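Enquirer: Sequence:
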Amino acid sequence: MNHHQQQTQPIIKKSCYFCANKIDAIDYKDTLLLRKFMSSQAKIMPPKRTGNCSKHQRMISRAVKRARAMALISYLIK
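Residue numbers for the sequence shown follow our numbering, so the first one is 519 and each next one is one higher.
Keep in mind that the hints were calculated from the coordinates and are not lab data. There's no promise every hint is true.
Here are the simulated distance ranges between beta carbons [what the hints assert, rightly or not]:
1. Y593 - T526: 12 to 22 Å
2. D548 - C571: 13 to 23 Å
3. Q559 - P528: 43 to 53 Å
4. K540 - I562: 35 to 45 Å
Within a straight-line C-alpha distance of at most 25 Å, the following computed SDA-like cross-link-like pairs (lysine to any residue) qualify [as the list claims (entries may be wrong)]:
5. K531 - S558
6. K531 - I541
7. K561 - Q525
8. K554 - T568
Being a predicted model, the structure only gives us computed values, none of them experimental. Idealized CB from N, CA, C, for every residue including glycine.
Can you make the complete structure from the sequences, with help from the hints?
Expert: Written out as structure tokens, the structure is:
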């Protein structure tokens, strides 16, 4: 295949996990749920990758930052 021709795959829109399951509040103490939305380097994954809406993405980032401050989740994974 010529390097100038790129195959494009259809973009599949992921639905927001919290909207689909009708979850209103995100608890910072629920580390298993928060780790679903974090990378292996303990970074918060972008909404394009997780499929979250902007409202719930803000709630996730706030909860992760609170959990880090309370030492429930580490800042770095070595």
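Enquirer: Now tell me if each hint is right for this structure.
Expert: Hint check:
no.: 1; hint: Y593 - T526: 12 to 22 Å; verdict: 37 Å, violated
no.: 2; hint: D548 - C571: 13 to 23 Å; verdict: 19 Å, holds
no.: 3; hint: Q559 - P528: 43 to 53 Å; verdict: 29 Å, violated
no.: 4; hint: K540 - I562: 35 to 45 Å; verdict: 23 Å, violated
no.: 5; hint: K531 - S558; verdict: 23 Å, holds
no.: 6; hint: K531 - I541; verdict: 20 Å, holds
no.: 7; hint: K561 - Q525; verdict: 30 Å, violated
no.: 8; hint: K554 - T568; verdict: 9 Å, holds
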